[in-house]
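Residue numbers (the working numbering), protein chains in the order written: chain A, 1 to 307; chain B, 1 to 538.
Simulated from the structure, these hints should not be mistaken for laboratory data.
Dumping the calculated DSBU-like pairs for lysine-lysine here, alpha-carbon to alpha-carbon at most 30 Å:
| hint | chain 1 | residue 1 | chain 2 | residue 2 |
| --- | --- | --- | --- | --- |
| 1 | B | 475 | A | 39 |
| 2 | A | 39 | B | 203 |
| 3 | B | 336 | A | 39 |
| 4 | A | 40 | B | 169 |
| 5 | A | 52 | B | 192 |
| 6 | B | 384 | B | 367 |
| 7 | B | 228 | B | 513 |
| 8 | A | 39 | B | 384 |
| 9 | A | 40 | B | 475 |
| 10 | B | 422 | A | 39 |
| 11 | A | 40 | B | 397 |
| 12 | A | 39 | B | 169 |
| 13 | A | 39 | B | 464 |
| 14 | B | 152 | A | 39 |
| 15 | A | 52 | B | 203 |
| 16 | B | 151 | A | 39 |
| 17 | B | 303 | A | 40 |
| 18 | B | 309 | A | 39 |
| 19 | A | 40 | B | 478 |
| 20 | B | 303 | A | 39 |
| 21 | A | 40 | B | 427 |
| 22 | B | 397 | A | 39 |
| 23 | B | 103 | B | 228 |
| 24 | A | 40 | B | 152 |
| 25 | B | 169 | A | 52 |
| 26 | B | 151 | A | 52 |
| 27 | B | 309 | A | 40 |
| 28 | B | 277 | B | 397 |
| 29 | A | 52 | B | 427 |
| 30 | A | 52 | A | 39 |
| 31 | A | 39 | B | 496 |
| 32 | B | 464 | B | 427 |
Label-pair ranges, simulated between beta-carbon atoms:
| hint | chain 1 | residue 1 | chain 2 | residue 2 | range |
| --- | --- | --- | --- | --- | --- |
| 33 | A | 103 | B | 393 | 31 to 39 Å |
| 34 | A | 13 | B | 203 | 31 to 39 Å |
| 35 | A | 29 | B | 150 | 30 to 38 Å |
| 36 | B | 30 | A | 161 | 27 to 35 Å |
| 37 | B | 538 | A | 153 | 25 to 33 Å |
| 38 | B | 384 | A | 115 | 54 to 62 Å |
| 39 | A | 138 | B | 363 | 54 to 62 Å |
Think of the CB as a built atom: it goes at the ideal place given N, C-alpha and C, for glycine as much as any other residue.
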Amino acid sequence: MFSYIIKRLVVAIPTLLVLMVLSFLLMHAAPGGPFTYEKKLPPEVLANLNAKYGLDQPLWRQMVSYVWGIIAHFDFGPSFVYKDRDVNEIIAQGFPVTLHYGSIAFVVAVVSGVLLGVIAAIRQNTWIDYIAVGISIGAQVLPNFVMAPILVLVFALWLGWLPAGGWEGGELSHVILPVIALATSYMASIARITRSSMLEVLTSNHVRTARAKGLPEHKVILRHALKPSLIPVISYLGPAFVAMITGSVVVDMYFSTGGIGKAFVDSALNRDYAVMMGITLLVGFLTIIFNLLVDILYAWIDPKIRY
Amino acid sequence: MKQRLLLSTILSATLAIPAVAANVPEGTALAENQAYNYWMLDAIKSLDPQIVSSVEDSDAVRSLVEGLYNEDGDGNLVPGVALSHDISEDLTTYTFHLRPEAKWSNGDPVTAGDFVYAWRRLADPATASEYAWYMELMQVVNGAEITAGEKKPEELGVTAIDDHTLEVKILAPLPYFPKMLTHTSVFPVNQKVVEQFGADWTKPGNFVGNGAYTLKDHIVGEKIVMEKSDSYWDAAHTVMSPVTGLTINDENAALTRYEAGELDRTTVPAGQYPRLKEEFPDEATSTPYSCSYTYIFNLAEGKGNEALKDVRVREALSYALDRDIVVNNILQGGQKPAYSWTHWAMNGFTMPDIDYSHWTQAERDEKAKALLAEAGFGPENPLKITLNYNTSEAHQKIAVAVQQMWKQKLGVEMTPQNFEWKVHTDKMNAGDFEMARYAWCADYNEASTFLDLWASYSGNNDAKYSNAEYDALLKDAKTAADPGPDYTKAEEILAKDMAIIPIYHYAKVDMIKPDLKGLPQNNVQQTWYAKDLYRVAQ
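Let the sequences and hints guide you as you build the complete structure.
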């Protein structure tokens, strides 16, 4: 197991390198640059800017100095748009925000999704099942850019219980609506996967055996059916967790959280090369780590899996 | 010459009148709560006056730092750090007399040297300011050469005669030079602080300004909080504090937060003004805003669509574009239909009398059909063109409406092409388009900021329009005692050549809480200063 983890981590380095080179090239291939505006900059001003940010160098040299900056100083470069800041500062400010509401949303989505899925499965084809499936389909088809305004309308404008936006250092009242807006569709997916997987496990031989030896139904479900039915859920959770803690552009935009999801999309639209690279690498790194964690969890849940 | 001197004397005389910050009429009961929360579309990019590049940046910087002059609610100059100035007889040397009591928030006095340092810094290639060209636009001696790296920043035509006297030399007389001084890129910075903290000097805790407010907190992409500065020379008249700017990227979300009471001022999304005006008559406002919206033709040789190089075709397309539908049915926010380029409300500008602006739409359509037929296009041989625009709901609505108008009235087959912002700009710069959506906002409150754009030597003239007579008029206007007639003539040439299709002149459409007073009423650049604001008790 240990050597497996080491092997996976070693493979992660070239993976990140490939990710970096590809994004670097794609980004520079996109038309326009960080200083392309409707009000065009005079050539000498543009030349000064390009010189300051190293954009006058050939692409390979830019890439080499970028990688060297990371290795030597853990410096991901300056922002070309937010000129008072560098990439490290932008990530240090925005990532804790999305990590905060993203991980709460994750817990909410997993707990409610699994619960909904299990209940629907063990009461298959009853009204409970129909309601649970109904909720999860409803949550699935309601995109968060529709959900967010509705939540604000109801809880901020009509009821006046919660603020309509802002972050205020992660004060609870400011976290609730972003969490609901983000968690809903993930909850729906988790519920559907849990339900179908649970239904399959419930007809398997070891569950029939457990029932045959006279175990009460709740013990059958909790001890024998739940664990194996979670395997497909867990493979979904790895990438889902990364997506949630790196934020959603809709949630960041609508609730003005100052999170990293919005910063990512902005950096692409503004051609803020270094910020875009920095966040891409962060998401890539987290994806690799959490996929590895998922694989380790597999082995723990399913004794048949060995590395 | 005499007349010019007279004008400048009047200007200096007016400027010698001391300014008051929040101009609260006597007997007004002020509200207990003097906090102000305003909306920002985007995150603040920089608070460094010489680096500032967006509206959000300069709105905040105007509260934190003060330049030589400020603007009042009508766009007129009022004293800031400078009390007054003298102009030399040849109109190329300005001597500013600075307020001796002006102080930085760390207690240092504000001196002429601070301005010299800031101006050199703006032109210096090492600063790499996006607004370095502003020195050249102001015609400050050696500005352009310094930015191009040909001369040293120390050679800039700006000198501190003593701590409170600043001298600026410009290349040629420039009647609107003083007006350009309210731009944040020529605001002073404290050399000691900038050198001590480097790029970090704009962070809360490090920031030192000379404005009416100090920087309390700044979380990029979320909010900026500013508090009244006690060291400001006119602190006794600052009423509003704290002043908070909230970044909300979605206009509809901002409107909701305004309705929830979290904002005191926000923008009205396109098309919602009539509804809001009915529901909140005291809060929905529409005031002129110095930007113009247009469709440009690619007139560059060998590029674009050959058919569009025929003035009759351009006229036909312009005549058949019903501006009233665009402003009354699509935008619905008090924008005005445009038949000429310069925004109608620019300071000192008289709108030219453009012929076809008086015709009825039916008359225009008739003429358009005739012109297009004359140019050789008809049902058997329809005109096929493309129009580029950047991603935005409003741009799309207008493009689709225009497509319909041209199809129905003229049988023209226009294909609207939507591009992401940077791609759209890149294509325009490269001349890779037939027609394109374009808009321009004034850099300073004078018509040349619009008209200079279409001079053949202008770097921003993506249409590649070129007319020697037009160029000559603009050059003449730079030194004329009254440039008005030149501007009118230039507009007429632009209309005769139908170099562009002006579509509408912008309005700033906002929701403003009724107890909020002191916002500019007739300042077409919408320049506002937090120190002028106050809330009345209700």
